[in-house]
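Using the sequences and the hints, build the whole thing.
Chains A and B, in that order, give the protein sequences.
Here the UniProt record's numbering is used: the first residue of the first sequence is 1, the next is one more, and so on.
Here the UniProt record's numbering is used: the first residue of the second sequence is 1, the next is one more, and so on.
Each hint should be verified, as a subset may be incorrect.
[What the hints assert, rightly or not] DMTMM-like mimics (lysine to aspartate or glutamate), calculated; alpha carbons at most 20 Å apart, straight line:
#1 B/K247 - B/D205
#2 A/K110 - A/D72
#3 B/K161 - A/D103
#4 B/K247 - B/D226
#5 A/K149 - B/E68
#6 A/K149 - B/E65
#7 A/K149 - B/D168
#8 A/K149 - B/E67
#9 A/K139 - A/D103
#10 A/K110 - A/E84
#11 B/K247 - B/E200
#12 B/K185 - B/E238
#13 B/K96 - B/E108
#14 A/K139 - A/E107
#15 B/K96 - B/E107
[Stated by the list, open to error] According to the in silico footprint, chain B covers these stretches of chain A (three or more CB under 8 Å from chain B):
#16 64-70
#17 148-160
Please keep in mind that the hints were generated in silico from the structure rather than gathered at the bench.
Note that CB positions come from ideal geometry on N, CA and C, so glycine has one too.
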Amino acid sequence: MSTVEHRPLTPNGIRPEEPADAAVWDAAAQVTDPEIPVLTIADLGILRAAGATPEGGVVVITPTYSGCPAMDTITADVTAALREAGYGTARVDTVLTPSWTTDWMTEDGKRKLREYGITPPSGNAPARGGPVRVGLSVKCPRCDSLDTKELARFGSTACKALYQCQTCLEPFDYFKVL
Amino acid sequence: MSHSGGFTSQDSATKISVGDAITPEDVSASSAVASDETARYALLLGDDCLILAQRLGHWISRAPELEEDIALGNIALDLLGHARFFLTYAGSAWGKTEDDLAYFRSEEEFRSCRLVEQENGDFGRTIARQLLFSFYTHELYQRLVRSADTTLAAIADKALKEVDYHQDHAAQWLLRLGGGTDESKRRMQEGLESVWPYLEELFADVEPTPTLAEQEVAVLPSSLRDAVLTRLSSIIEESGLEVPASKGAFGADRSGRFSENRGFILAEMQVLARQHPGATW
Numbered sequence: 001m002s003t004v005e006h007r008p009l010t011p012n013g014i015r016p017e018e019p020a021d022a023a024v025w026d027a028a029a030q031v032t033d034p035e036i037p038v039l040t041i042a043d044l045g046i047l048r049a050a051g052a053t054p055e056g057g058v059v060v061i062t063p064t065y066s067g068c069p070a071m072d073t074i075t076a077d078v079t080a081a082l083r084e085a086g087y088g089t090a091r092v093d094t095v096l097t098p099s100w101t102t103d104w105m106t107e108d109g110k111r112k113l114r115e116y117g118i119t120p121p122s123g124n125a126p127a128r129g130g131p132v133r134v135g136l137s138v139k140c141p142r143c144d145s146l147d148t149k150e151l152a153r154f155g156s157t158a159c160k161a162l163y164q165c166q167t168c169l170e171p172f173d174y175f176k177v178l
Numbered sequence: 001m002s003h004s005g006g007f008t009s010q011d012s013a014t015k016i017s018v019g020d021a022i023t024p025e026d027v028s029a030s031s032a033v034a035s036d037e038t039a040r041y042a043l044l045l046g047d048d049c050l051i052l053a054q055r056l057g058h059w060i061s062r063a064p065e066l067e068e069d070i071a072l073g074n075i076a077l078d079l080l081g082h083a084r085f086f087l088t089y090a091g092s093a094w095g096k097t098e099d100d101l102a103y104f105r106s107e108e109e110f111r112s113c114r115l116v117e118q119e120n121g122d123f124g125r126t127i128a129r130q131l132l133f134s135f136y137t138h139e140l141y142q143r144l145v146r147s148a149d150t151t152l153a154a155i156a157d158k159a160l161k162e163v164d165y166h167q168d169h170a171a172q173w174l175l176r177l178g179g180g181t182d183e184s185k186r187r188m189q190e191g192l193e194s195v196w197p198y199l200e201e202l203f204a205d206v207e208p209t210p211t212l213a214e215q216e217v218a219v220l221p222s223s224l225r226d227a228v229l230t231r232l233s234s235i236i237e238e239s240g241l242e243v244p245a246s247k248g249a250f251g252a253d254r255s256g257r258f259s260e261n262r263g264f265i266l267a268e269m270q271v272l273a274r275q276h277p278g279a280t281w
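Okay, here's the thing in C-alpha cells:
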C-alpha cells in the first residue's frame, strides 16, 4: 500500500484537491510516455496518485501491460521531473489494482493519439465474463474511413495492433482495447 | 478504503473498482511481505511464466512470418511481467530480489512444470504448448482473483486480461492449422500429442498449495482439471483434430528431476548474470 506520512493514497487517477499534493501531481503529470511522446502519463491514465511529504513527493503509477518495458523509463522520468520541480526526495510506487484498461485514457489523450496518427481505442473494455466479444469498427486516422482490416493483432508495442485502411490503403497503428 | 472520486458517464464497468494500493514491484519497501508458504506458491507460479517466456523468446526472428515473431515476442513479454510480479512477491519472504531468484537458483530449486520446459519444436508444437498453458492459467487466475492474499489477487487480476488474448491467439491458430492442409493437420496433431503428457502435472496438488488452498490463499490445482479438460477438448474437437489419449508423463511433479530440459534453459538464461555478477549497462 502506498502511503504518505501514514496517509494512504487512493490510486483513483484523480488530481488531488490538497494544493501541496496537487503540485506533486502536476509535476508528474507532464511526463510523457517514451514510446508515444504525445501522450502524458496523465493522458494515458497510468498516473494514479500523488502526495507531498516533508522531504519531497510520492507518485503512484500503474503499468499498462505487465511486461511494459517503458515502466522503468517512466519511473526514472517522474523522479527527474520531481527533482526538477524542487522536490528533494522522490519516490515512485507501482500499483496493480485497480488494473489498467484503455478506459482510463482521457478523452484529450485519445484526441492527441488520433492527431499523432494512431487510432485510439474504439469503445470501452469488455466487462469481465461478459458474453460479447465483437469489436467496434476501427477508424483510419488519416482518411476517417471505417473500412479497415486487422493485419496483425500484435504490433510494434504491447498496446498496439497493426491495421490497414481499405480506402486509402495506408497501414496504421491501432491502440487496441484492453 | 472507500472510493473518493465521483463517477462520470465516461466510466465503464471495468474501471470503477478502486482497491487498496499494492506494490509488487518494490514490495520489500512496503508492508506486503509474503509468508514462507505463500512465497513458495508464488515461486511455483512465477517459475512457470519465467521459463515459458524464455522459451518463447527463442522464436523472435524464427517464426513463420513477421507478425508471429511479434505476437510470440509480445506474449513472452507479458509472461515475463507476470513472472516478475510473482518472483518479487516470493522474494519478499526471504529478503531476495526477483533477479536473485531468477538468476541464482539451481536446477533443483526451480519449481516450473515440465510443460513449459518442453522444446519449442515446430510452430504446431509451440502453439499446442501455448494452448494448454493459456487455458490452464486462464482458469487458475479467474479463481485466484478471489484469493485471501491481496497481492496474489492483484497479480491474477492484472495477468488475466493478458492471458485472455494469449488463449485466443493459441485457439485461433489451432483452428486455422486444424482446418488447413494435410500437412498442417498432421503437424498440429503431432504438437498436441507431444505436449499432452505434461498436462496432468499442472493439476497435481503439490505442497504448499493444498495447505494454502484451505486458507483460500491458493487455488487447489486438482480443482481446475475438469474445467480445463472440458474447454480444451471442446476447442480441439472444433478444430477437427483429436484429443490425445495419452496419460500423464511419469515423474515427480514440479521437482525437475525428470526434465532434462531445465538445466539447458537455465544455462542460457543465467550465464550472463553468473559470469558477471552485478553487471549493468
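Discussion item. For a C-alpha distance cap of 20 Å, please report whether B/K247 and B/D205 respect it.
Written reply: holds, 17 Å
Worksheet item: A/K110 and A/E84: Cα distance at most 20 Å?
Response: violated, 28 Å
Worksheet item: Holds or violated: B/K247 with B/E200, Cα cutoff 20 Å?
Response: holds, 8 Å
Worksheet item: Counting residues of the segment 64-70 of chain A that have a beta-carbon nearer than 8 Å to any beta-carbon of chain B, does the count reach 3?
Response: holds (count 5)
Worksheet entry | Claimed coverage, the segment 148-160 of chain A by chain B - three or more beta carbons nearer than 8 Å | Coverage by chain B holds here, the residue count being 7 at a Cβ distance below 8 Å.
Worksheet item: Quick one, are B/K161 and A/D103 close enough, alpha carbons at most 20 Å?
Response: Holds, at about 14 Å.
Discussion item. Between the alpha carbons of A/K139 and A/E107, is the straight-line distance 20 Å or under?
Written reply: Between A/K139 and A/E107 the Cα gap is close to 16 Å, so the pair holds against 20 Å.
Discussion item. Please verify whether A/K149 and B/E65 have alpha carbons no more than 20 Å apart.
Written reply: Distance ~18 Å between A/K149 and B/E65 Cα, so the pair holds.
Discussion item. Check whether the Cα positions of B/K96 and B/E108 lie no farther apart than 20 Å.
Written reply: Roughly 18 Å between the alpha carbons, so the hint for B/K96 and B/E108 holds.
Discussion item. Check whether the Cα positions of A/K149 and B/E67 lie no farther apart than 20 Å.
Written reply: Distance ~15 Å between A/K149 and B/E67 Cα, so the pair holds.
Item to complete: Could you grab the alpha-carbon distance between A/K110 and A/D72 and see if it respects the 20 Å cut-off?
Response: Given that 20 Å is the threshold and the Cα spacing comes to 24 Å, the pair is violated.
Worksheet item: Taking only the CA atoms, is the gap from A/K149 to B/D168 under or equal to 20 Å?
Response: holds, 18 Å
Hints 2, 10 from the earlier list are contradicted by this structure; the remaining hints agree with it.
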